[in-house]
Amino acid sequence: MARRVALFLDFENLYTTLKNRTAGHRNPYGFSPRMNFEHLVDYIESRYGTLAREDFIAVANFSHYNPQLGGLNRVATVIDAQSFMAPKVRSRRQRSPGKRWVIRDFADMRLAFEIGQHVATRPADIYILGSGDEAFTAIGRTLREMGFEVLFLVADTESSATDANILSEFSVIDFLVTQRPEEEDEPTDETEPETEPETTNPHAAVVDLLTHLRRELRTGIPVDLLYALLPPGQGETLVRRAHGAGAIDLWESPEGIRCASLRSERLYDQVQPLSVREDVAEAARVFRAVADLAPTLPTHPDRATWRRALKARLGLSNRQVKRLLQRLLDAGVLLDADLAHPRLTRHTLYHWLKSSPHESSPTSPQNPSRPQAGI
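One gets this note's numbering by counting positions in the sequence shown from 1 and adding 4 to each.
By construction, these hints were calculated from the structure, which means they are not laboratory data.
Check each hint, because a few of them may be wrong.
[Unchecked claim] For lysine-lysine, the following DSSO-like pairs were computed, each having C-alpha atoms within a straight-line distance of at most 30 Å: (1) 315 - 326; (2) 358 - 315; (3) 326 - 23.
Input sequences plus hints: build the corresponding full structure.
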């Protein structure tokens, strides 16, 4: 039977140490770290044993940090460490404004409490302590004396923030070793792999994409969808050249949507305009918006940045744009670990369409004459 692993993470310690690790002459304060906690869980499970969500405990003052960063809240039990005391009690005893005074060492205390409770109620075979703080050296020793295997997950083995006793007494996992390059991520469903177009045909990228979309979707294909799925910044040029060379036809659907089809689809040498499915029209509109917005956002956008941009571009209500963003995340178009680089592919398109509601078009702009459709 596979061994069980329990991971206890001091999120603030990890985040700040990773940020300091990137500090240098050009940026003395460091960069916001890129973290993917699904990669971390995969790394641990491939080497040590199973790591259930209830056995992955992450503690921090999450009024200062985003628990969704890197998908943390999807794989871990997130605990917002502020105080054992009720807010009214804290406010009476606090001698200075702000939350940091109240919780100066509380995250460490809460993490130690959670470790003790876990050992008493659902002990694991292996304990991984995600902190370089010297306070956890003693906890590690105690767990080892109790017969548990103990490892430490640290953000920087060279940093003064990592206690030297941890490095000398315990096996250590460097967090950066657990992070896979993005290109190694494999599709999780059985969608046909995307193939590289033949470089000998300058229009192969457009023809190949249009061929796949027509075969899979059985509807008119909006030009905006082609623009979004082709290489960033090249969509309009590639489509225009393919049309100029006679490889594709451009036309307008009965709904007034500009579409494309293969020249080989003509009937008696005449273009036959098709209707566009509502869910495909919606996907084209959203994917084109994401493709156009991505280069205009800050270097490290967060969810709030995307919500504001999508709301302004698509004319949505707060409720609509919140649900739209969640659909983009669920489909894999956006990843919390790298919100600056959307994944606009056939693979994510098909995921998006699977989640599309059939009864309404939820990304339609607000219309005061009728109720809002929810995303």
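Which earlier hints can't be squared with this structure? none
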